[in-house]
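Student: Residue strings, one per chain:
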Amino acid sequence: MKHIQKIVSLLVTISACWIGLLKASIIPHSYTWLLPIYLIVSLGCYGLLMVGYGLMIFPTCPKEAELLQKDIMEAKEFFKQRGVDVDSD
Amino acid sequence: MVKNKGSDVGVHNKYSIIIPTYNERLNIALIVFLVFKHLRDVDFEIIVVDDGSPDGTQDIVKQLQNVYGEDRILLRARPRKLGLGTAYIHGLKHASGEFVVIMDADLSHHPKYLPSFIRKQNETGANIVTGTRYVKDGGVHGWNLMRKLTSRGANVLAQTLLWPGVSDLTGSFRLYQKSVLDDVIKSCVSKGYVFQMEMIVRASRKNYHIEEVPITFVDRVFGSSKLGGSEIVEYLKGLVYLLLTT
Numbered sequence: 001m002k003h004i005q006k007i008v009s010l011l012v013t014i015s016a017c018w019i020g021l022l023k024a025s026i027i028p029h030s031y032t033w034l035l036p037i038y039l040i041v042s043l044g045c046y047g048l049l050m051v052g053y054g055l056m057i058f059p060t061c062p063k064e065a066e067l068l069q070k071d072i073m074e075a076k077e078f079f080k081q082r083g084v085d086v087d088s089d
Numbered sequence: 001m002v003k004n005k006g007s008d009v010g011v012h013n014k015y016s017i018i019i020p021t022y023n024e025r026l027n028i029a030l031i032v033f034l035v036f037k038h039l040r041d042v043d044f045e046i047i048v049v050d051d052g053s054p055d056g057t058q059d060i061v062k063q064l065q066n067v068y069g070e071d072r073i074l075l076r077a078r079p080r081k082l083g084l085g086t087a088y089i090h091g092l093k094h095a096s097g098e099f100v101v102i103m104d105a106d107l108s109h110h111p112k113y114l115p116s117f118i119r120k121q122n123e124t125g126a127n128i129v130t131g132t133r134y135v136k137d138g139g140v141h142g143w144n145l146m147r148k149l150t151s152r153g154a155n156v157l158a159q160t161l162l163w164p165g166v167s168d169l170t171g172s173f174r175l176y177q178k179s180v181l182d183d184v185i186k187s188c189v190s191k192g193y194v195f196q197m198e199m200i201v202r203a204s205r206k207n208y209h210i211e212e213v214p215i216t217f218v219d220r221v222f223g224s225s226k227l228g229g230s231e232i233v234e235y236l237k238g239l240v241y242l243l244l245t246t
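In order, the protein sequence lines correspond to chains L and F. In terms of UniProt numbering, the first sequence opens at residue 1 and continues consecutively. In terms of UniProt numbering, the second sequence opens at residue 1 and continues consecutively.
Here chain L stands alone, though its shape is the one from the complex (with noise of 0.2 Å):
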């Protein structure tokens, strides 16, 4: 199956849901008609809650930098020895 026929089953299902709801009428009308802003909303701050949450957690290696330039040295050196030209770029 596609993965966007799974993505429109899913909500198909939803709305199979709410449209029950409203027929069914347990809860008033008036706030099941809300549901759907709700789910809009909620996935919204889904959405920016994981990307807040990722910024703040974003992994960082300044360490790595300098390791970096130290097997650029290393490397340099072994190149001149041997008699490869790198230096000239």
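Heads up, some of the hints might be wrong.
Mimicking DSS-like on lysine-lysine, the simulated pairs with C-alpha atoms at most 25 Å apart in a straight line are [claimed, not checked]:
(1) F:K120 with F:K14
(2) F:K81 with F:K237
(3) F:K112 with F:K14
(4) F:K14 with F:K81
(5) L:K63 with F:K136
(6) L:K80 with L:K70
(7) F:K186 with F:K237
(8) L:K76 with F:K112
(9) F:K148 with L:K63
(10) L:K80 with F:K37
(11) F:K81 with F:K62
(12) F:K191 with L:K2
(13) F:K112 with L:K70
(14) L:K2 with F:K186
These are calculated hints, taken from the structure and not from any lab test.
With chain L fixed as given, assemble chain F onto it according to the hints.
Tutor: Frame of chain L, contents of chain F only:
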């Protein structure tokens, strides 16, 4: 005799490391040096696919062949810039290992992580091991807040819409079983880093066993990488394309 856990990694398999280059004269030399430094007891070959760099990348590769041997470093050049996807296909044709590693030539992928890719594959028998920047022990250096924000936004969007089962979709430091790469690459048509995302999403849909290892990503030291509005549009188009076709 007590076996050293670090050195008996991947002793039975051969690994082909495919590195596409365009004007990476200095970087390719540094990468080759670091690969040989970190993969001492492993049978491997490096396949450089150069797209006719005018800066003499191929001359340097020939000099490296003199140092390390022509059987360890293969130069498989193409006449001009022909795209990343076809560069891998081109390199793959000449690969003789059971496993293929693809990595960028700009030193943002450090060869010191190669042993952990190989070890992970040995331990789990995975079809694909992919490097991820977004977990503990992984990380990124050299990105400003805007770049981090776009990256996180793009990732959350892709995770929510595609459910890919891997944490880093656009990373391109990966180890593939050769037959698996052969199979997956044929069905991929995207360009740029959408191509990397398409590869991993299609592999995941084909139910290949995918494992992750943490890697760090130091944004290119020589030269600059950019992420503008057009890349974001391309990314969104890629997302929709993958949503509809996978």
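Student: Take the hints in turn and mark each one as holding or not.
Tutor: The hints, checked one at a time:
1. About 15 Å separates the Cα atoms of K120 (chain F) and K14 (chain F), which keeps this hinted pair within 25 Å; it holds.
2. For the suggested pair K81 (chain F) and K237 (chain F), the alpha carbons sit about 23 Å apart, so the restraint of at most 25 Å is met.
3. Annotation: proposed proximity of K112 (chain F) to K14 (chain F) holds, straight-line Cα distance about 18 Å (limit 25 Å).
4. At most 25 Å may separate the alpha-carbon atoms for a hinted pair to count; K14 (chain F) and K81 (chain F) exceed this at roughly 29 Å.
5. With a CA separation close to 15 Å, the supplied pair K63 (chain L) and K136 (chain F) stays within the 25 Å bound.
6. Distance check on the hinted pair: K80 (chain L) and K70 (chain L) sit about 15 Å apart at the alpha-carbon level, within 25 Å; holds.
7. Distance restraint check for K186 (chain F) and K237 (chain F): the Cα-Cα separation of roughly 20 Å lies within the 25 Å cut-off, and the hinted pair is therefore satisfied.
8. A hinted pair counts as satisfied when its Cα atoms are at most 25 Å apart, and K76 (chain L) with K112 (chain F) qualifies at roughly 17 Å.
9. As the CA atoms of K148 (chain F) and K63 (chain L) are separated by approximately 18 Å, the hinted pair is consistent with the 25 Å bound.
10. The suggested pairing of K80 (chain L) with K37 (chain F) holds, with an alpha-carbon distance near 16 Å, which does not exceed 25 Å.
11. A C-alpha spacing of about 20 Å is found between K81 (chain F) and K62 (chain F), which places the hinted pair at or below 25 Å, so the restraint holds.
12. Proposed proximity of K191 (chain F) and K2 (chain L) is supported: the alpha carbons are some 22 Å apart, at most 25 Å.
13. At most 25 Å may separate the alpha-carbon atoms for a hinted pair to count; K112 (chain F) and K70 (chain L) meet this at roughly 13 Å.
14. The hinted pair formed by K2 (chain L) and K186 (chain F) meets the criterion: a straight-line CA distance of about 18 Å does not exceed 25 Å.
Comparing the model with each numbered hint stated earlier shows that hint 4 is the single one that does not hold.
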